[in-house]
Each structure stands twice: as structure tokens, then as C-alpha cells.
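Got chain X sorted already, so can you dock chain W onto it with the hints?
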Amino acid sequence: MDNILVTENIVKDFGSFRALNNVSIEVPEQSIFGLLGPNGAGKTTLIRIINQITLPDEGKIFFNGNALQPNDVHFIGYLPEERGLYKRMKVGEQSIYLAQLKGLSKNEAKKRLKYWFDKFEIGDWWNKKVEELSKGMAQKVQFIVTVLHEPKLLIFDEPFSGFDPINANLIKDEILRLRDKGSTIIFSTHRMESVEELCEYIALIDRSNKILDGKLVDIKKQFKTNSFEVGLVTDEKDKLLQEISQKFSVSKAEFKSLEDDLKLRINLSNGDTSTDLIKYLNKRALINHYVEVIPTANDIFIQAVKQNS
Amino acid sequence: MIMNKLKLIIKREFLAKVRNRSFIIMTFISPLIMVGMIALVVYLSKSSMEKINVVAYVDNSKFFSKNDFKDSNTIHYIDLTEVDISEAKQIVQESNHDGLLFIPKKDSIEQITESIQFFSQETPSMVLISSLENNLENKLEKKKMLQLNIDLEKLEQSDLNVDIKLSNYSGEKSSKLVNGIKIALGMGAGYIVMMFIIVYGAMVMRSVIEEKTSRIVEVIISSVKPFQLMMGKVIGTAGAGLLQFFIWAVLMFLMLVAGSYFFGMDSMASVQTAQIPTDQMEAVATNDAQFAINEILKLPLFSMFIWFILFFLGGYLLYSSIYAAIGSAVDNETDTQQFMMPVIMPLMIGVYVGFATVINDPHGTVATVFSMIPFTSPIVMLMRIPFGVPWWQIALSLFLLIITFLAVIWLAAKIYRVGILMYGKKVNYKELYKWMRY
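Line order of the protein sequences matches chains X and W.
Quick note on numbering: our numbering labels position 57 of the first sequence as 57, and the sequence is numbered without any gaps.
Quick note on numbering: our numbering labels position 269 of the second sequence as 269, and the sequence is numbered without any gaps.
Only chain X is shown next, with the shape it has when bound in the complex (with noise of 0.2 Å):
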């Protein structure tokens, strides 16, 4: 699959703090791509850099294969984090302004402003003060000026803070369905349940540097500990215990089941493979449960964070 975006060892410095330190991503045409990393990593850097905010220091960005220009502003949607409308401009006359420095002409600027309006059900809005609106109103109107120039790459950081559980619904149905429609992704936030839910890559930022990327499917294969949880019905739960933890390295899990059966998480480090120790189970007690450990993106994002420090 082609890269709608590659940056290539792109350094930032403010004075003295080296912001971003050699960080090359790759964001696959049409997928959903977390930019993930704790707080002051430089993910916000970064997608102003992409967003022609800052200028790198050094590095190179490519976008849809060729280095980045001035008018590609007119293929990127950006809804930052810290966004905001001009409170005392009507929400019609602004979408129009805003649309236009997109690049969209006036006339297409409405037809398109008419369409998403009356999608979100917000066309009696139109010519209301922004101060008027709540932030969870607002909110929308900035979610629909950022991708009515249909851009090719949408940049969405913490997009669904601001919105109640019905209204964040309602935007990550229409991010998926910009998504279908052709549009790339990229999408910074905290919420690692999301991340989960929508993204099919990951990057992860930490202090400047870029510590992992790639498919989410392979990282979660990468940080796999290949450990499995079972559930065992015996009657002699200390004796069977005791008889598995002198063979690996045992723990306790917690799920739920419906008998009183011995609950483990058992490791896997000695070389032995899932087929061996079903093998190995199977011959002492009854398997009711048997599922392998995959990582969350939670766990991946703690683990490498603790890992580069």
C-alpha cells in the first residue's frame, strides 16, 4: 500500500531542547493512524510540522510522494487540540471564511456547508455568534469546517474532548466513514480504548524520540509475553498448582466462569509452545478456559514509555 505521508528524520530544536530528535513515520494511504506518546513528547510538534506550522530544522516530509508544498494545506484537515472559533462571528459567515482559506470557493464553501448542516441537524444555527453556542456545539461546527474541503489527510489530536458519549458516536462514525470514503487519518489522543477501537497503525512518541511503529496487529504480536490464561476444574486445586508451578512460571488470573475452577496465567518462556502445554493440561484437569494474553494498547504504551526511560 502506498504512504499518503512519510517524514524522514525530522529534527526540531527550541533553543536548547531538542523537541523532535530523527523521527521518521510512515502513514499508509487510508488507514487510521495513532500518533500516540505522554504529554510534551512532541506529538504536537510534530503535527505542526506536518501541518507547515513550524518548519523542521532538518528532515524531509513527503506527502502523496512528493515533498510537502505550500498548497498542500488545501489536502490536510487539522482540528487541533486547543481549537477554538471567533466568538463574536456568525457561525455561517465563518464556516464560509474558513472553507475559503482552505481554498474552496464561496459557492462551494455553502452548497457543502448546507449538506454537513443539515447531516448534524445544526442549520438553524447558521447565523448565530459562535459566543452563543455551547462548546459541545461549537465543537461541531469546528469537526465540520476541518474536513469540508474533503481533504486527503485528516489530522484530528484529542478529537472527541468537548463532546458527550452520543455526539463522540456520531464524530467517530463520520471519521470512519471519511475513512471508507478514501481519506487518511492520522489521530492523536490519550484514550487508549480508542486507539484500540480505530487505529489499524500506531506511532509512539516519547521524550523527542520515536520508540515504536508500525501495524498495531504486529506490535501487539511483537509485545506478546506469550502467556495464556486457563481455567481448570479439579478437585485437588493446591496439588495441581503446585505440580504446573515447578514447570513454568505461574500466576493468578481473574475472569469469570461458571465453576469453582483454578484460575492462572501461565508464562511461556521455556521454549515449550500453546501445543505443549494443552498437551500438558490436558492429561491433569479438565480445560475450561483457555484464552492467549494480547497486550492492550495500554499495556504497550506503559511497557515502551518504561522501557526508554
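Incorrect hints may appear among the rest.
[Claimed, not checked] Derived DSSO-like pairs (lysine-lysine); straight-line CA-CA distance at most 27 Å:
#1 W/Lys225 <-> X/Lys152
#2 W/Lys225 <-> X/Lys60
#3 X/Lys128 <-> W/Lys5
#4 X/Lys152 <-> W/Lys5
#5 X/Lys90 <-> X/Lys129
#6 X/Lys181 <-> X/Lys129
#7 X/Lys90 <-> X/Lys60
#8 W/Lys225 <-> X/Lys110
#9 W/Lys414 <-> X/Lys60
#10 X/Lys106 <-> W/Lys165
#11 X/Lys111 <-> W/Lys7
#12 W/Lys11 <-> X/Lys129
#13 X/Lys114 <-> W/Lys434
#14 X/Lys87 <-> W/Lys11
#15 W/Lys11 <-> X/Lys114
#16 W/Lys11 <-> X/Lys128
#17 W/Lys5 <-> X/Lys111
#18 W/Lys434 <-> X/Lys60
#19 W/Lys434 <-> X/Lys111
#20 X/Lys106 <-> W/Lys414
#21 X/Lys87 <-> W/Lys5
[Claimed, not checked] Some, not all, of what chain W presents toward chain X, calculated at C-beta under 10 Å:
#22 Leu8
#23 Val83
#24 Asp84
#25 Lys165
I should point out that these hints are in silico values taken from the structure, not numbers from a laboratory.
Glycine residues also receive a C-beta, built at the ideal position from the N, C-alpha and C atoms.
Then chain W, alone, in the frame of chain X:
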């Protein structure tokens, strides 16, 4: 494409300023307030001039006679010489007269001059005191001359009056009145430029702060360059200011036409002077309004207007870009205080140096130097121009101004670019210097 976006920004900034309620109020109400103020001042000074002061006097010196205290246009004298000074004080206080003049008994005229006193409830006006002094001085001088055996009649015959007529080498006559007009024109232009820079510069600054606090700025600069946003804002705001000037000029013109009908003046002559609003009120107020208007028309009004616009734009661009940089560096208006001083200072210096030096010596060293320094030149040069400045000086001054504003805009843009994305940081000059090098 870049020009299109700049146009969009300029348009938005212009409309945002012009639609603002305070802009509309300022534009239409302030000329009325100004006219009202002038009318009030004229009325008050007239009525205070017409007021007759009642002054009682006790003359124990015997140097004066009743004839020496004849009522004048403004002073009515009451003779209380017959009563004792302490009693006289009481009478004056009770009858609410304006004051009591006390001339003690002395041996010589010289001693008298030092010992005359004036008692009053409130501090008397300078005008009253100096007219009393003039009167007494006159009378005493005559008595002294008699003592010295000087023939008063011959002295009066020898009284001559010299009136020097001014003209330049090409033979154009000028008069002291014209000098006054030039001063008024120059001062007015310089003052307007200063006021405009402060008011509209602050407007640019507030608008930058508003974009920062409403957090829209990052959305905007993902579409346009920060420099475009800054320049769009500066130019759009200037447009609003020019519109305000224009409306004021039209209003002044209408008022002048109305005023000239009221004063029965030739309205065609005043039509031609409408370009110089500061001067009109004065011209109307003067008795020789017609003469003044003719004199004004002799001045190179068109080129003065061009210079005014050029220096005004140069000064505005220079300062408003600094204002924009300041706005970008802070989170709210209260934090701007520490940076305002160095901005307002040169403007103030310009105005005061102009007032102090240009009137006395428009082409002296101080005035010339300050009309070259780019931070004061828009004010001081405009003050000098009505007096005739060699073209090369104007050209040099403009050149320096342009070079400087290009440099300042460049630096301001560097600060602005970093500042608009900086939140919650207490900014000082060191920090600003750092930003310039990011």
C-alpha cells in the same frame, strides 16, 4: 493563491473592526464631541472675557488720584480709601467683590512698586492681575518721568511701531498668521498620526490576543502563513482607520459648509480647504477667516497630503507590527503593560520634541534629527513639512522609515510566529530574543 488568502484575511479584519459597535460610535460621535468641546471652550473664554471684575482699592500712598482708577472693559473700581484697611477687607468680603487692592504709604515710587498687595478669597486670574499691574505701572511710570523732567508729549510723539513683513526669496509674502496656521497644521498632523498609531496599534494587539485566547489561531495558520495573518490584520485594521479618517473628513466638510453659511463666509473657498480638517475650526473662529483661507490655499496642500499619507502609513506599519508581536507574546491584555512603555515612549517623545522645537525653530538641529529617526520621524517630519523641508531630507527620512519598518516587521513576524502558539508562559525580553532565533 497567496494574494487571495491575504485578501480574505484583510476583508475579515476590516469587517470585524468596522462592524464593531464602538467603531461606529467613535466614528460618528467623536466629531460631534470635538465640535461641542470647541464650542464650549469658545463660549467659556468669551464669557469670562466679558465678565467685569469688581475690585476695591485702598490707596494710602497719595501717588494716585481717582482718575488713575477709571473703570475699564473688564474692571470696575470701588474706592475704599476712606476706610481702614482691615475694615475694607471686611466690606469686600461681605459684598463678595472680586478683590481688594492695597497700596500702602511709602516715600518713593520705587518702594511703592514692591509693596502693593492684592487680597482675595480665591486666587485671582492672571489676566486680572496683569491688567491691574499694567494700569499701575503705566501711571507710576508717568509720575516717574515727571520727576525726571521728561517731556511726555515728545515721548509720545517718538513712539513708533515696526512691523516686519515676511517673505521668501521667490517673493511670496507670508504673515505671522500664516506661521500660526503652519504650526497648527503641522502639530495637528503630527498629533493625529500619534493618536492613530496608539489607538489602531492597540486594536491590532487586542485582535491578536483575541485570536490567541479563543484558540482559533492554530486553525487559521494551518491554512495560511503566520506572516500573512499578521499582515492581513495590520492592513485590514489600517483600512478601518482610513475609512474613519474619510468619514471624519466628510463630516468636517459638512459641518464646515454648515458653519460657513452660519458665519456668512464664501462657501466655495471653504470647500477647497476641506482636506485639512484640523484647521477648519480655527479658520472659522478667526475674524480674518477669508484671509486665513487664502493663505492656506497658497500652501502646497496636495503634496502635504501625500506626505501625510506616506509618513502616516510608514509609522503605522512600523508600530502596529510591534503591537502585533506584543499581542502574540502574551495571554491577556494585562500582561502587555511591561511592553507598552517602550512603544508609547518614542511616540510621546516625538510629539513633545515636536511641540517644543518645531514651533521655535523648525529647521534646527533637534527638530531635524528627530525628523530623521524612524520611530519619531512620522510625527516630527509632518510637523516640519508645512514650514518647507528640502526634498532630500524628506526622501532620506522616508527611506530610513521604510528600511526600518521592513526590518521591524521581519523581527515582529518572527516573534509573532512563535508567540501565537505559546500559552501560559510569562514572557520577558530575553524570551522574545530567544524566539527571534527559533
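27 Å Cα cutoff - pair lysine 11 of chain W, lysine 129 of chain X
18 Å, holds
Regarding the pair lysine 87 of chain X and lysine 11 of chain W, is the alpha-carbon distance no greater than 27 Å?
17 Å, holds
Under the criterion that the straight-line Cα-Cα distance not exceed 27 Å, is the pair lysine 111 of chain X, lysine 7 of chain W satisfied?
22 Å, holds
Check whether the Cα positions of lysine 106 of chain X and lysine 414 of chain W lie no farther apart than 27 Å.
32 Å, violated
Can we keep the leucine 8 of chain W interface hint, with Cβ of chain X closer than 10 Å?
This interface hint holds because 5 Å falls under the 10 Å limit.
Holds or violated: lysine 90 of chain X with lysine 129 of chain X, Cα cutoff 27 Å?
Measuring from Cα to Cα gives roughly 4 Å; hence the hint holds.
For the pair we were handed, lysine 11 of chain W and lysine 114 of chain X, check the Cα-Cα distance against 27 Å.
Given pair lysine 11 of chain W, lysine 114 of chain X holds - Cα atoms ~23 Å apart, limit 27 Å.
Checking one constraint from the list: CA of lysine 225 of chain W to CA of lysine 60 of chain X, max 27 Å. Satisfied?
19 Å, holds
Between the alpha carbons of lysine 114 of chain X and lysine 434 of chain W, is the straight-line distance 27 Å or under?
Given pair lysine 114 of chain X, lysine 434 of chain W is violated - Cα atoms ~46 Å apart, limit 27 Å.
Is it true that the CA of lysine 11 of chain W sits at most 27 Å from the CA of lysine 128 of chain X?
Holds - the C-alpha atoms of lysine 128 of chain X and lysine 11 of chain W are around 20 Å apart, at most 27 Å.
Check whether the Cα positions of lysine 181 of chain X and lysine 129 of chain X lie no farther apart than 27 Å.
Cα-Cα ~32 Å, so violated.
Run the distance test for lysine 225 of chain W versus lysine 110 of chain X: straight-line Cα separation, threshold 27 Å.
Holds, at about 24 Å.
In this structure, the hints that do not hold are numbers 6, 7, 10, 13, 19, 20, 23, 24, 25, in rising order.
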